[in-house]
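Q: So you can see what is in the structure, the chains are spelled out below.
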Amino acid sequence: MLGLNKNDLTLLLVVAVLTLFAPFILNPFPADSAMAQFNAGYPDLMQRFIIFGIFAIGFNILFGLTGYLSFGHAAFLGVGSYAAVWMFKLLSYNVVPAIGLAIIMAGLFSVLIGYVSLRRSGIYFSILTLAFAQMSFALAYSVLSNPKFNLTNGETGLQVYKNDPQIFHGEGMQDFPHFFGIYMNSTHTMNVGAWSFDFNAGYYLCAIIMIAVFYLSIRIFRSPFGMMLRAIKSNQTRMSYTGLNPRPHTLAAFVISGMYAGLAGGLMAAMDPLAGAERMQWTASGEVVLMTILGGTGTLIGPVLGAGFIKYFENIFSKINDNILHQWFAFLPDGIEDFVVFIIHPFIGKGWHLTLGIMFMLVVIFLPGGLVEGGQRIGKWIKSRGKSDDKTATTEPAE
Amino acid sequence: MNVKPDFSKGHNMAETAPAFLSVWNMESYYGESYIVQNISFNVHEGEILALLGRNGAGKTSTLRSIARMDDPQVTHGEIWLDHKPLHLMKSHEAAQAGIGLVPEDRRIIPGLTVEENIELAQIAPPIGWSKERLYELFPRLGERRKQEGVTLSGGEQQMLAIARALSRDIKVLLLDEPYEGLAPVIVDEIEKTLRIIKEQGITTVIVEQNAVRALELADRAVILDTGGIVFDGAADEVLANEELRAEYLAI
Amino acid sequence: MGILEVKDVGKRFGGLQALGDVNLSVKENSVHAIIGPNGAGKSTLLNCLVGKLIPDTGSVMFDGQSVLGRSPHEINQMGISRVFQTPEIFGDLSVMENMMIPCFASRDGAFRMHAVKNMMTEKDIVEKAEAMLVDMNMADKRHMHADSMSRGDKRRLEIGMCLAQEPRLLLLDEPTAGMARADTNNTIDLLKQISDERDITIAIIEHDMHVVFSLAQRITVLAQGTPLVEDDPENIKGHPKVREAYLGEAA
Amino acid sequence: YTNEPTGSSVTLGFNVPQTGPYADEGNDELLAQQLAVEHLNGEGDGGCLNTFTSKALKGNGILGKKVEFVTGDTQTKSDAARASAKSMIEKDGAVMINGGSSSGVAVAVQGLCQEAGVIFMAGLTHANDTTGKDRKANGFRHFFNAYMSGAALAPVLAKEMGNDRNAYHLTADYNWGWTQEESIVASTEALGWNTVNTVKTPLASTDFSSYIAPVLNSGADTLVLNHYGGNMINSLTNAVQFGLLDKVVNGKDFKIVVPLYSELMAAGAGANIKGVLGSMNYNWQLQNEGSKQFVKSFGEKYGKPPSNSAQTCYAQVLLYADACERAGTFNPCGVAEALENFEFDGLGNGKTMYRKDDHQCFKDVLVVRGAENPTNAYDTLEIVEITPAEQVTYAPNHPMFGGDEATLGTCNAGA
Amino acid sequence: MDAFILQILNGLDKGSAYALIALGLTLIFGTLGVVNFAHGALFMIGAFCAVSLSKLLQLSYVTIDETQKDFLGNPLKVETPYVESWFGPEVGAAIIDWSVPLSILLAIPVMILVGLIMERGLIKHFYKREHADQILVTFGLAIVLQEIVKYYFGANPIQTPPPDALLGVSNLGAWFGFELPYPNWRIVYFCFSALVIAGVFAFLQFTTFGMVVRAGMADRETVGLLGIDIDKRFTIMFAIAACVAGLAGVMYAPINPPNYHMGMDFLVLSFVVVVVGGMGSLPGAVLAGFMLGILESFASTTWATTTLPGINQIIIYLVAIIVLLTRPRGLMGRKGVMEE
Ligand SMILES: Nc1ncnc2c1ncn2[C@@H]1O[C@H](COP(=O)(O)OP(=O)(O)OP(=O)(O)O)[C@@H](O)[C@H]1O
Ligand SMILES: Nc1ncnc2c1ncn2[C@@H]1O[C@H](COP(=O)(O)OP(=O)(O)OP(=O)(O)O)[C@@H](O)[C@H]1O
Ligand SMILES: [Mg+2]
Ligand SMILES: [Mg+2]
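So the sequences go chain by chain: A, B, C, D and E. For the first sequence, my numbering assigns the number 1 to the initial residue and increments by one for each residue that follows. For the second sequence, my numbering assigns the number 1001 to the initial residue and increments by one for each residue that follows. For the third sequence, my numbering assigns the number 2001 to the initial residue and increments by one for each residue that follows. For the fourth sequence, my numbering assigns the number 3001 to the initial residue and increments by one for each residue that follows. For the fifth sequence, my numbering assigns the number 4001 to the initial residue and increments by one for each residue that follows.
Derived by calculation from the structure, the hints in this document are not laboratory data. Don't take every hint at face value.
What the hints assert, rightly or not - Below are the BS3-like pairs computed for lysine-lysine, each with C-alpha atoms no more than 27 Å apart in a straight line:
1. D:3292 x E:4077
2. B:1171 x E:4232
3. D:3292 x E:4069
4. A:380 x E:4077
5. E:4232 x D:3274
6. C:2007 x C:2052
7. C:2052 x B:1192
8. D:3274 x A:162
9. C:2141 x C:2117
So here's chain A without its partners, still in its complex pose (with noise of 0.2 Å):
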């Protein structure tokens, strides 16, 4: 079905049942009880799954199949939601110009950096788009918002302001990017006993969004061109010895993956119509390869869970502080309670980069396939305990 054969397709609707269903899985504690610091299931973090994944979905194309390492994808996050916000700015808060025109700029600018970079590969081919993608931070922060000539308006970011023009602003429109209507940040909560869920509309949009791209992916993955891909990563001498040409083959994969990265960025706009110089930077770029390298690189799968636990860290473990700890902890004796508040205190709050960095380096080491691989071993182990579970084919995409 759909052109999938069965492992494919199972993986596929596991994901998609995952992403539609998500505000339930992502919000397991009760929303009064102790542990739901840890529930995910809020808007802007489900839809921050969602945009990163497919940042990295697409990312993956790229560095998955041709190995050639991109340090600068995030110039493409940055330059797609420009283009968003000047389509709010200049037309209406309507997303869907505005994720179009970000799909079609962080296209040509990927076409410009990819044709140029790609004279190069291995390590002098990451260095060069580090290289482009850090300029055009710097021209971003500063020049570009000169107030002469404020394309990006610099360190506090692309803004809608009521003097823009607007022009297919309707009267009594929200001041909030929809689609035709439906305003991205409309939530319904769902109260079931102590629990508490959310279903925005703008995470749906980014779900369906990601559940195309995904399915795309998985056809690019699949597909003779995919398989050329690869061809490239393994042997480029015996590629081009066969007749094929291996420029327009990794360029298509930069520009495609380029593109993804430019729907990340619309829809980052769309769901929150501010345009930030810092998404840009190198540190963002590292941040989609840290993703997709932690999740597997080269599966399916891998880069979205990649993305899913980095932001998780970011927005979850970040905000645990010494109080949360302490109402944690409060049935312990007062000492015991404030030694162990005392040795976990380093890992979160303001320590939460610590924690994550050890996870990067647990991850590397003992699954050096990546979260995928650690699924996978999970799988095995309960094939091995009974009678293999259905889920586990979600961390079995091939290769």
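Following the hints, put chains B, C, D and E with the ligands in place on chain A, whose structure we already have.
A: Leaving out everything else, chains B, C, D and E with the ligands in the frame of chain A:
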């Protein structure tokens, strides 16, 4: 045919090893795949042993196991060289103990000139032939000493690989397809060299697809098939044995 | 007028004249062997034909068109395929995928976006690749990771990949080096069959005289970068200069 | 309205940098905010509730609801700051967001709070834009701004350095840097100073030697560093390294001015700040009742005096709570109304007023100087002048603040 | 004219920081083949060796001085460094004053130890792994190291001044009869870098060590076959690289006060330097370091920024792009090193 060494005395192999190089019940794996399947054979001091078999029979794997390379992993068995337990060593220790391997794809080190390739081999003790002596044996290398090793022609690289092994004071020379890619005249040369080496008392194990040539040179032969030994005996015996020749060597 | 015309090709590497004024004409649908001592410049010559090297002087015409200044994939698309001295295959891909790639290349040209087609639904490609694997006697290895094959198998796969492209000129650089005798014989048969049945010209570099004399209709002997003689196999065998410079007693 | 508290407690969101270069600044803010919460809930010594001129707060939480708080990490990046503010609003039900240490973040989060319908108390933000062209109905700023720095510094500069100076500006190349440069140039030129050059330095610069060297030959006798944080520490260190302060140019001693100071910057710059003039929003050495009370509460709890960003956040939390009490609701529109044109004293800055037109707060501005002989780690700065609020007040439609076009918009109470 | 020379000096100074970091990085990256994102962190640790030593030397005992008051109005606690009470106030003060140069003595063993632990405990297992995995693990490590430093020293920069004797400026132009004031410590820094660079070169040039390591990088297996314990050499190489980075950090501390993320600030730049210099080339790294340093200095002059606004922001990257497009392997890169 296959003389099993008598290991009944337990692990006191240092004294009991029946030969100069003894491989006993060796098993090796590439990851999960079982490649060298419990093989045992002996090589006596100063002899040339031909290790023959089809593509993929496991010849290279056997040599690599003896030289204690990281892959394949030897998971079982013992290897003794001149009363030293190779199976307990890493590859550089094995090399210092006297193993010299000429790998099948020659493995000339990129970025180094011919001369540096040889100098590199003479850093760790024990040192063997001098550079001058090697250039005498392979004048071609002398001419090209300043050229980057990997840009040599195939045959020249092969010479360099052998020269590199000889530049160390080795007890056992393991040759993985030394004639491959060489002009017939050079093959003659190398064969002569191997005989010279033999006279010096160096023990040699040679893997070769050109079975006839190898058997003419060798004293004894071992034939491998899918990771196991199917023949172990005198070299002439193979040439005489119609069945063996047809089945495993296609000659 | 041959399908391949090499005129006055010269190539220097620094101080070394690797090729000097090579003239060579390969007749359509023939098997032409190039032999010569190691370092004679045979591989260098081949490199000049496929665009890996650009000769300093001279011209190379294939089927009336110059190949010089074209990139490797363009030359390949003109109909020249090459097998390397050390196997160049897609090590990370399966054997079947290795075989499918040249099939795509010959059907779709140097670049075509098939980004959303399912590769397994390309019936013609799959069939062709399967057939080629059967021809090469590798059908059982179809799902293997190409890198984990033994070297003889890799070489066979590479030949298969080149044939799958249905080139008009097939360049082989020591195709049977390191191949077991049985497979060497198979390869000889295969190449014979190809040259008989298909419109294909073969230029082969080989040190295995058995292969050369079984296949070649014409032989060029290269020495120190220049052609020494070009003649029919019978005459080459007996040529004193060739015997001295290359064949040795072995012939 | 958004996040209307229904239970027995109300949640405030403290969004401060906890990682990155401003982590220490953020940490200080967080300490102050926690102290404020304590005082609101009637714990501790009550702090400035004792000195605050508005007596609406009773030490029983806000409107009888116990005050709880959540924290987040802005990473000093607009995106991250918005993400963490959103999480506080969407997940934790925060009704007010407070904190931050840069103007970019402040403007970004202010916009977010406007959209979401909660109150934003801006923390440390010094750029004119925050209450200038980017002002928002739901946002309030307690901190002073670049214009005020200029206005407060100018008379002191004139007094100490005369009216005939050649100033060379090094400016961090982004919004805040530009507005500060603009303000300082305007106010010094009004004194009769000449601006020799204004050079933009990349935010990412770590070594300023190549910007300092040209100063030597430019004929300038005064260097103005429109830098903040690490940039300022390094540029000042480099300037001193090159011996600028030992030079005599045009017959005058060379001087360096750092328009915006903070305690952490002073600590980081070490001995290099000796004698260097700058301005501040607040300093613990201020001797008014509110200040003394606050320093005592803070010092006793944390063993060090509060920084000016800590005081800002502390005051803002109390002010917000007070406004809720006076408005009788948490509805942001009600709260905003209660804050507008609110005048008070007793929170440390002396008499203070929150202007209705742009939600900027007006109070005295301090001009400080790096201490020559600090006796301990905390008195690195000494107060030179307390510039009265009138002197730094400007019209709401001042051109540096967006002119006539800048509007607050309307208050958004959210869903 | 002197402005011009001044910018060249500034460039050399910046360049020597770049060159030193890049030198260590290229030893690990270009020679051992490990993409070490923790290299910046090593630089940072070096700088914090200087900070720690000066803090250690200033460890004090407390006496209460009733005559003075602290900020809360309590009696002031007066701190006297132990060294001052042990060696007398003058010698003690001198020791504290010279803490930065002294910390070289501390930094060498510390950095070697850090290098050894890092290589033996972690990097060793990653030689054969993909670059991507190396990036992830070393990045993780860099974060961890940073956070540990942040935990103990805070996020704010810590002023670490040079000895008083080396404070201030010297007039370098005095001999030639014009004004050319330059900070003493920067001159020291430049000379020190030149020394370290020369030392590393000499070590790799005049011993076979460098050749062995290069060979080991190209083909570990074969080098092992030749009887060489390549692991040991890799470890030593790593320790040297760590040491070079650490020393660069120690000496840099007085130039700009160290903070916990200074490593990250330099990291990307030093990768650019290494690659522009060409993978696997030590002279390349040094040359590129100085070149970029000088170009950066010139790009920050008023003349440059007024002719091409923003050029100072992008110069390094612009140059990197131009170099890499015109010279496939950077300035002096060797073929075949990290090209796949
Ligand atoms: N790196 C590897 N990983 C997995 N399997 C391998 C690897 N190298 C070799 N093998 C497998 O091990 C078996 C034996 O290989 P080996 O190279 O030892 O054969 P060989 O006898 O030397 O063959 P040849 O004559 O072709 O060189 C083969 O089936 C091959 O597929
Ligand atoms: N890139 C290069 N740089 C310098 N010299 C080279 C280079 N490539 C080849 N040579 C030299 O050119 C000569 C011809 O090499 P070539 O590889 O063509 O020989 P060949 O005839 O193929 O030999 P063989 O049969 O041994 O493979 C050799 O002496 C070789 O050392
Ligand atoms: Mg083999
Ligand atoms: Mg050749």
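Q: It remains to establish, for every hint, whether it holds in the given structure.
A: Verification of the hints:
no.	hint	verdict
1	D:3292 x E:4077	holds, 21 Å
2	B:1171 x E:4232	holds, 25 Å
3	D:3292 x E:4069	holds, 15 Å
4	A:380 x E:4077	violated, 64 Å
5	E:4232 x D:3274	violated, 52 Å
6	C:2007 x C:2052	holds, 18 Å
7	C:2052 x B:1192	violated, 36 Å
8	D:3274 x A:162	violated, 46 Å
9	C:2141 x C:2117	holds, 25 Å
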